[in-house]
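Asks: Here is how the chains run, residue by residue.
There are 2 protein chains.
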Amino acid sequence: MRLSQLFTKTSKTVPADEQAINAKLLIQAGFIHKEMAGVYAYLPLGLKVLDNIKQIVREEMNAIGGQEVMMTVLQPRELFEKTDRWDDKKVDNWFKTKLDNGSELGLGFTHEEPIVNTLSSYVNSYKDLPIFVYQIQTKFRNEKRAKSGLLRGREFIMKDMYSLARTPAEHDELYERAATAYTKVYDRLGIGDITYRTAADGGVFTKKFSDEFQTLSPLGEDTIYLDEAKRLAINNEIYTDANLVKLGLDKSKLVEKRAVEVGNIFPLETKYTNALGVYYTDKNGQQQPIIMGCYGIGISRLMGVLAEHFADNKGLVWPKNIAPAQIYLIGIGDVVKDTTGLYEKLQQQGIEVLYDDRDVHPGQKFADSELMGIPYRVTLSEKTLSQNKVELTNRSSGEIKLLTADELVARL
Amino acid sequence: MRLSQLFTKTSKTVPADEQAINAKLLIQAGFIHKEMAGVYAYLPLGLKVLDNIKQIVREEMNAIGGQEVMMTVLQPRELFEKTDRWDDKKVDNWFKTKLDNGSELGLGFTHEEPIVNTLSSYVNSYKDLPIFVYQIQTKFRNEKRAKSGLLRGREFIMKDMYSLARTPAEHDELYERAATAYTKVYDRLGIGDITYRTAADGGVFTKKFSDEFQTLSPLGEDTIYLDEAKRLAINNEIYTDANLVKLGLDKSKLVEKRAVEVGNIFPLETKYTNALGVYYTDKNGQQQPIIMGCYGIGISRLMGVLAEHFADNKGLVWPKNIAPAQIYLIGIGDVVKDTTGLYEKLQQQGIEVLYDDRDVHPGQKFADSELMGIPYRVTLSEKTLSQNKVELTNRSSGEIKLLTADELVARL
Chain P
1 MRLSQLFTKT SKTVPADEQA INAKLLIQAG FIHKEMAGVY AYLPLGLKVL DNIKQIVREE
61 MNAIGGQEVM MTVLQPRELF EKTDRWDDKK VDNWFKTKLD NGSELGLGFT HEEPIVNTLS
121 SYVNSYKDLP IFVYQIQTKF RNEKRAKSGL LRGREFIMKD MYSLARTPAE HDELYERAAT
181 AYTKVYDRLG IGDITYRTAA DGGVFTKKFS DEFQTLSPLG EDTIYLDEAK RLAINNEIYT
241 DANLVKLGLD KSKLVEKRAV EVGNIFPLET KYTNALGVYY TDKNGQQQPI IMGCYGIGIS
301 RLMGVLAEHF ADNKGLVWPK NIAPAQIYLI GIGDVVKDTT GLYEKLQQQG IEVLYDDRDV
361 HPGQKFADSE LMGIPYRVTL SEKTLSQNKV ELTNRSSGEI KLLTADELVA RL
Chain F
1 MRLSQLFTKT SKTVPADEQA INAKLLIQAG FIHKEMAGVY AYLPLGLKVL DNIKQIVREE
61 MNAIGGQEVM MTVLQPRELF EKTDRWDDKK VDNWFKTKLD NGSELGLGFT HEEPIVNTLS
121 SYVNSYKDLP IFVYQIQTKF RNEKRAKSGL LRGREFIMKD MYSLARTPAE HDELYERAAT
181 AYTKVYDRLG IGDITYRTAA DGGVFTKKFS DEFQTLSPLG EDTIYLDEAK RLAINNEIYT
241 DANLVKLGLD KSKLVEKRAV EVGNIFPLET KYTNALGVYY TDKNGQQQPI IMGCYGIGIS
301 RLMGVLAEHF ADNKGLVWPK NIAPAQIYLI GIGDVVKDTT GLYEKLQQQG IEVLYDDRDV
361 HPGQKFADSE LMGIPYRVTL SEKTLSQNKV ELTNRSSGEI KLLTADELVA RL
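In order, the protein sequences belong to chains P and F. Okay, so the first sequence: first residue is 1 according to this note's numbering, each after it adds one. Okay, so the second sequence: first residue is 1 according to this note's numbering, each after it adds one.
Since the hints were derived computationally from the structure, they do not count as laboratory data. Each hint can be trusted.
Cut-off 20 angstroms, straight-line C-alpha distance, at most; resulting in silico cross-link-like pairs (SDA-like, lysine to any residue): (1) P:K127 - F:P44; (2) P:K271 - P:P130; (3) P:K345 - P:Q5; (4) P:K54 - F:N52; (5) F:K127 - P:R358; (6) P:K147 - F:D100; (7) F:K230 - F:L216; (8) F:K90 - F:T110; (9) F:K34 - P:Y122; (10) P:K98 - F:M36; (11) P:K147 - P:P15; (12) F:K9 - P:L129; (13) P:K82 - F:K34; (14) F:K246 - F:R197; (15) P:K9 - F:D128; (16) P:K127 - P:E173; (17) F:K230 - F:K253.
Because the structure is a prediction, the values reported are computed rather than measured.
Chain P with its partners taken away, still in its complex shape:
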């Protein structure tokens, strides 16, 4: 895309009403727009990043047999009363609204109830299970405070998956399959090496732990105790000698770290299926309970985490596979024809390029390429062209190479 056509602009002014680094940088770079605290619109470059993250998550969920659906935002009161999650004393972050006839509705903050209710139309026999079903959808939580930018939104994008299994062993197999898919997601996003499966509280209706995926970060809100050799951690909230024994962790080998949660998976036992009266009939014609798991990744939160984690003092630094473009193209001096030619050549190769064809000083172009965090900057000048070459600068490492156009294409 030509930057002269892109409607967003970068800004040197740090937003005064934001505390979180991710929100400050993403707003300055023109990736998001703040509608109100915890509620952000995604502008063209920000939407591309969001979509790229979604697609990676989608591919890994599909790879383990996940079937994608899209549930609704509007939720009926009756459904959540069945599981005792309607009352504001039980769930304190509902947004609620009303139909024209006065019936109360909620805005979905999670979807266990509607998923189980929908599946009840299709699940009868043992032949209908197991099931992995997921969605990538906008969710709503009426947070009292929303100061963390994309890390904790009132309106946010989430991938939530649910598993339905016939036996504890089958549930465990699905649960571990999902955990493995999660590690693949973080690997692909470039944070696999610093992201750890972390035992956390399982909630009131299971004796098991839940599992968080925690990315090491000085900015994180969580404290975890980490066994690097086992690549396992335990959340501070459940850090007791008894739990360490259960997890097979040795206190002397644990290191305290700050971390930010980038996913969580929960055993739900039979809480929701039983409450909604959904069972299956086994081979002997006996009615049996269905064991459920749920698996969340905050897509917009992850965008905030990645923005904040990789950023440096010049701005954003996107991993290649979620960047809104691979190349930021700049021509310095009287080289418009060559620069435009290279732009077209790269586009023909299917390489996504931001071509800075604006009539502004090269210094501003360099600064914007850094603020936006595009992985590679390609610069043409009379000097580079005199050698029949272009300059390739790596945003992350700062490494500079002189390459011919063909070498550049081959490299990408």
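We have chain P already, so just place chain F on it with the hints.
Replies: Chain F only, in chain P's frame:
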């Protein structure tokens, strides 16, 4: 995908609580799930259809320079008060909710205000215009009645685009560019020949007409008067002699038709930009008003229209480019190995196949392939294999061909 893995099932029972054919068929085929009147979840096959429609619309909006964004559902009261669209007496189909601190919010039913408000951060100079910006997003309207399935939802998916122009001539150029893109969308969806640009009421703040795109259908809610030669129509609502003169239509050449609206485009003049105080500075340093247009396509409504329009007495009939799969594959008798082999071969070619590997009677498989509306059914039996061939049945025409596997692949 193997049907034994798909969690949805077809149903012979017509939903008793639905009046609309589109909802009845889509529920029976397992494409959607009704959460409440006018609020539907999209199940795996339904989501594919929806995504395919979205992608066609997205490509055509991108082709005319549209920049995609994603605005928020939650909308602040203050913003809509500026344009006098907050009060329930002015807009009677708001869903409203509250922040924890008591501030009132609305659920976006349209996005002129937040779009203009967002663009105000980026638009100053004549160099920043024109702009085409669009989103494909979930919208909410608190309809009193919602009996038309996907045709009129309380929660629905819409593509809404907005143009900002410097002059009336520039606005007109953008408006016609969008109209042309709309006709391309309907052509690609297979309803181009029966979809007509139709003059309709422009609203209170313009002397111009708005334009609807109306698809001929006995099921339509609208009455239009059509000049087939000019491929232009006029909506019954504004069918006056004076308007016919303005439109250059000859009453004697018009035919009355029933039709369903599949898109509409509106000149907004300067109503929203002026109300929100957004102007541009021209070459002479003078502040000037910005002329706006808006362009809507109901994506989920279009899915309902297409479902209903192409359906026959056996079920759904999807156009090829939005069908959830191209082929419904059935093996009759002891031909599992050959059928599975063909399934894998077709998948390797990137052809989407629903492989009915369920242990059910062939009659049910045939009926399901018809109810689901998959464009081609491929049947293998000992008889076809004895000729080294497979049977290809066209869902729409009923035409049957015997082909070799290679001929089948070449044909698709």
